[in-house]
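Student: One line per chain: the protein sequences are V and S, in this order.
Residue numbering for the first sequence follows numbering that gives the first Met the number 0, starting at 0 and increasing by one per position.
Residue numbering for the second sequence follows numbering that gives the first Met the number 0, starting at 0 and increasing by one per position.
Source of the hints: derived by calculation from the structure; they are not laboratory data.
In this text the structure is predicted, and so the values were computed from the model without any measurement.
Think about it this way: if two alpha-carbon atoms lie no more than 25 Å apart in a straight line, the pair counts; the simulated SDA-like pairs of lysine to any residue are:
(1) V/Lys192 with V/Asn153
(2) S/Lys178 with V/Ile8
(3) S/Lys136 with V/Val31
(4) V/Lys34 with S/Ser197
(5) S/Lys144 with V/Val29
(6) S/Lys144 with V/Arg35
(7) V/Lys36 with S/Lys136
(8) V/Lys36 with S/Tyr132
(9) S/Lys178 with V/Ile9
(10) S/Lys144 with V/Ser45
(11) S/Lys76 with V/Ala27
(12) V/Lys121 with V/Glu177
(13) V/Lys5 with S/Val173
(14) S/Lys144 with V/Glu42
(15) S/Lys144 with V/Ala27
(16) S/Lys76 with V/Val29
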Amino acid sequence: MQVSAKNIIILVVLITAMFLIAAGFLLAYVAVYNKRKRRYSEEKQSMQYNFTQQLLQSRLEMQENTFSMVSEEIHDNVGQILSLASIQLSMAIIKNDCSEITLKGIKENVDNALNDLRNIAKNLNGNYLQQLSLSEFLNRAEDQITRNGYIQCNKTISGEEKELSLQKKFILFRILQECFQNVIKHANASSIKIEVKYDADGLKLIFNDNGKGFHADTLPPDSPPKGLGLQNMQSRVALINGVIIINSLPNQGTTILISIPYEQ
Amino acid sequence: MFLYAHIVIECLCLIFAFLYLRKTKDWWVLFIPYMICVIITETTALYVMQHGSPDNYQVHNFYLPIYFSFSLLALYKTCAPLFHVKKWIGFLAFVILVCYLTESLQSGFKRLSIDTFSFANACFVVLCCSYYYHLLKQDSFIEIKKHAPFWVVTGILFFCFGSTVSYLFFDTLVQINIKYGLPVRQVIFIVLNFILYSCWSYAFLCRYRQKT
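Here chain S stands alone, though its shape is the one from the complex (with noise of 0.2 Å):
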């Protein structure tokens, strides 16, 4: 039953997203087809495994683009007013679809992209600390606590770098819980999607506070 917990934090999120950036006319509103996609993939993804699919890769191999793509839209937009970073944007989303499409077409979309989804998860790290770098350098202060784009990349980086050992033990993980039931991995990333999608639902509330 704990699967669950995945669609419940998802779609808690989906509504803080659907109530505060709904009137939203600029790239927030993207966050609200965003979240249904990441419900339906996690609901699909649920099903099939539920319906005598020994696995769900395919499914979250199909949604792995989507979350590239919105990961570095969203890193890109809340970094770009503190530095250029739209050619590395750019350059980094031409390296993931390489790595992206090499390891599917190995694999025949049938086994999740574990290294490309690493390899991004680093670069997310990485452009997450940038941003943090270059708004200290920046002379203005800004108001951590009602700062919007803060707190969307702080969501990513809990996510990424709390799920680099995860990904890094993913089959030995996938053993163990085939083996003794013990579903590791899905707890972790309960724990780590609470914080991703806690720290969005927060930026939702911080985004509307500054529009109102």
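This is chain V alone, in the form it adopts within the complex (with noise of 0.2 Å):
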């Protein structure tokens, strides 16, 4: 009986440990749990906060862009044009020349430069940006690479149009703006081919140049600051799920291949 007695305490001693420690067990889950919980959930707000970040650090870039792009445009065009009418006036009234041709001439480019105001001031609207598609966008941009004629560009667009989110549009024009001022200011390029396909899954953009190129591995030293704008391209496209590939070779142009996701 006192073997049976000692067994039985025993057994009711562990038991009961054990059925302690099974809570205590319990309980350290769900603390490790809501620990890992809560970690997501900072990293979660931490990756909408740089996400925020950098959709309003590409808006200030569009907009920095597009106040220099004004800037030149009112300097080189709209400034020139109303010179030349200013002096083509000044000549009219010096010779006292009120001819319908002289006058035609000064009143065509007046209108020139009330069109080239026009396009200014809608580039310095920002709801007409919220309102482009890609391909007006791409248009645009196609229009002021290719007005000096020193760069072709072909772009190509097949698949149906589909309206991307108001972040990711601003994300990719941003990214494609990096691209034109890339081919512009490094790679020396003729000729830029552009092919945008609206696939099922998501839309894919192939931006290729002719130009110098590099190691897509080893950036140019002289590329100010080293690699930082290729660098903005990948963070940027990771943050609205996309992928993007950058392959060039010196002296074999430069490739980008961007795909993105339609939905969120």
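Could you use the hints to bring the two separately framed chains together as a complex?
Tutor: Quick look at the structure:
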């Protein structure tokens, strides 16, 4: 009986201890899981913050880019046309020439300047950019880049155009601006090919130039600041759940492949 | 003398409840009258045992409805913000009441309603686990160290889960205590009470900090 009582006591104490340990494990599991959930929540918040920051940065850069373009347009185009119109008017006053041909010439120049100013005003309007589709954006970029006649641009768009969310559109436009700027500033290219495909699962964009290219792994040391533009492109595409592949070799041009899903 | 340990632990918990909850105007303030009931029960049971009566089951038997009611209320108040528990609590309260009355009437209130107690504890354990499950399931996270309801549930879980074996071997442990003078059950319950009331005291502190 004594042995039996001892056994029962040991059994009861052991099982009770095991039950308490099991409850302790359950408690520890809850604590660890909750900690993970907290970390996940913090990471999510940080990612959201990062996304907002990048979006804001993209908008600011686009704005800066637009201002720079507007400044160049006013100086190189509108300013020149208006100067010409002013000279024509001065000549007409000096010569007392009010002939129809002279006036038509002045009017034509003033009209051109007005058209250019309207285009500039559109560029400065933020809502206009929001309403712009990808193909319209590419058309505008093509007009600007081919104006001097140094660079040719061919673009093809296939598939049914689908509207991207505003955030994605802003980031994509900013990436494309960066691509165009790289071509003008660094690539020394004479031709650009842009291919846009609206696939079922997402947008595929191929941006190719025939410029001097570079080692995609080791960027040229004169690229200021070292590879930041490309890094920004990569981090921004990742933010909108997209993929970017940059293929380039010296003297073989550069190809940038961008893939962006439609859904959020 | 170690039987006084129960009362000491419970008194300490009452002090904590009084210190941190006396100004509360919600259900938390009910911890104070409940702890007073617990201390009165323990003191009466001890008095009865020390003054000739072979057991104090009747005292504990009258306390059981208070224990069931308060545990159900505490679990309802802690679980309700996480999931729909009202119907379950109502159903459990009814079943436990029926079991308690049946068992008590059968023994003429002279024997502790062990089966009801074990059944109720098992139900409380399930409710505690459901609480943890829904706590983890929700999108937002909680600061466990500062979350008062979590510690109330934790105390109940440890107490109910830990006491299961003692109630399964209740009669045997009573016999062992009578024959060999080994109060195993009492020792286990001192440990369980210590865990339960420590968790609750900490919960009161969390509640107080949350309020101020």
